[in-house]
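Peer 1: Residue numbers (this note's numbering): 4 to 419.
Keep in mind that the hints are not guaranteed to be accurate.
What the hints assert, rightly or not - In silico SDA-like pairs for lysine to any residue, Cα to Cα no more than 20 Å straight-line:
1. LYS404 / LYS386
2. LYS189 / PRO331
3. LYS386 / HIS318
4. LYS386 / PRO331
5. LYS335 / ASP309
6. LYS303 / HIS265
FYI, nobody ran anything at the bench for these hints, they're computed from the structure.
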Amino acid sequence: MATNNKSLQPYVKRPRIDSPESEPIAENNYPAECELREHNCLYQKKAFSQLRNVADQQIQLFVKLEQLDDLAQVVEDLWKELVPSLSLVKVVMATLLTPPANLSGDNIQIILILRPGVEGSFVFSSMCTVSHIKHQLQQRMYPGLPEGGFNLSFDGSIMGDNDTFAQHRVQNGDEIEVIPIRTGGKPVIYLFSPSPILDVRVQLSLVKAWCFSAIYPPTPITLPSGDSLGEAIFWAVDTRPDGSLFDRLTNRKVAYLFWEAHTNLKPPISPLTTPSRILAFDPARPRISPSDSALLPFDKVTGYIDDALLAMELHTEARTSFITYWLPNLSKHTHIALRFLPQDQYEESAPLCITPAPDITTRVFMLFMGVEESNLGAWEAAKVPVEEWSRIVGVDKVKAKDANLFRVLEWGGMEI
């Protein structure tokens with residue numbers, strides 16, 4: 004029986020590659036009294052999201068009994084009788100693909116890392132293109148693949164769609180990581196001035212890990228001219244006391260400036276000749292940890308976000324738009340971990356330059372992710388008080404609410 008808190012957390016083991024029948028590609032170990040009180044796939048799928056789209060016949064239960072050295076598979080009729088005496092339950096998701104006993108030719112077996120703790124084993128030709136492999140994975144509707152698209156990474160480098168495993172020198176048994184294509188969702192920029200200001204120049208640049216996917220009002224995208232940054236855009240607007248803007252390129256009145264970006268990692272196969280700067284916030288690999296976040300059940304998350312935004316002096320329309328934009332994504336999860344980035348970290352990934360310079364610029368960017376019920380114990384330290392975020396982000400609360408100043412406000416976010 005488990006005797007410490009650490010053992011209460013489900014984990015995933017790498018599958019054996021010599022399975023004679025179906026191959027286990029995700030194994031979750033946890034005490035028998037945890038969630039699975041019935042031999043029922045609904046309970047398993049509730050506890051582990053990676054099982055929700057898996058056929059019931061692919062899910063198998065194994066248990067540890069004191070009188071047996073090895074794990075034993077349980078039939079449904081005996082489940083309720085055995086539960087009180089079980090010390091461990093293993094849920095196995097088995098793929099219907101059986102790797103050949105002896106790989107031949109240019110076939111290699113890879114370990115596909117879907118996300119930390121979730122992995123699978125597949126056999127592909129080393130001469131297949133990455134785009135073909137990604138298509139095959141999507142065709143099989145492999146559970147756990149990111150819904151918004153993904154890239155494949157080997158040894159820390161993203162593989163291009165036209166690359167092959169052979170070009171990257173992938174060997175039998177190597178690990179390939181799935182990197183989700185993430186979107187910086189609806190960052191919008193408000194400009195408030197007590198009196199009209201003509202021809203305000205707003206330039207937004209991105210690091211190369213990002214590329215623009217949507218812009219309004221529309222404006223040309225400038226291609227990168229140096230090594231440090233990637234794409235850039237430029238707006239010329241007139242501000243008005245009511246908060247609206249007049250865009251000079253399109254001759255349209257708008258409430259704010261809008262942009263959106265996707266992650267875009269395409270490093271060359273050859274190694275870099277100069278070291279690259281490490282960003283505190285890397286859009287392609289955003290991170291949330293229990294030490295820098297707050298964990299909330301869904302029924303409390305919108306109130307928490309609204310209170311945090313209010314503490315950062317966001318006005319009513321901005322707070323409402325922020326919450327309603329992210330609500331469909333938030334509602335997919337029973338528990339959510341979230342954090343707001345310090346402005347200086349966010350600024351490194353998306354530098355914003357405005358002329359004439361505002362009296363104050365406030366940039367609010369939230370990262371969030373769903374947390375499985377089975378993993379809540381690992382997030383017990385995620386308790387950042389709501390009033391702390393204005394300090395963490397670095398908001399000058401006095402200037403942010405002073406209507407006599409030229410103020411800029413931006414909000415956005417990203418789901419991990």
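Peer 1: Does LYS303 pair with HIS265 here, judged by a C-alpha cut-off of 20 Å?
Peer 2: 29 Å, violated
Peer 1: Given the proposed pairing of LYS386 with HIS318, does the C-alpha separation stay at or below 20 Å?
Peer 2: Status violated; Cα separation ~25 Å.
Peer 1: Keeping to a limit of 20 Å between CA atoms, is the pair of LYS189 and PRO331 held or broken?
Peer 2: Holds. LYS189 to PRO331 sits at ~14 Å (cutoff 20 Å).
Peer 1: Is LYS335 close enough to ASP309, meaning Cα to Cα at most 20 Å?
Peer 2: Cα-Cα ~19 Å, so holds.
Peer 1: Verify the proposed pairing of LYS404 with LYS386, using a straight-line Cα cut of 20 Å.
Peer 2: 27 Å, violated
Peer 1: For a C-alpha distance cap of 20 Å, please report whether LYS386 and PRO331 respect it.
Peer 2: Roughly 24 Å separates the two Cα atoms, so the pair is violated.
Checked against the numbered hints above, the structure breaks hints 1, 3, 4, 6 and satisfies the rest.
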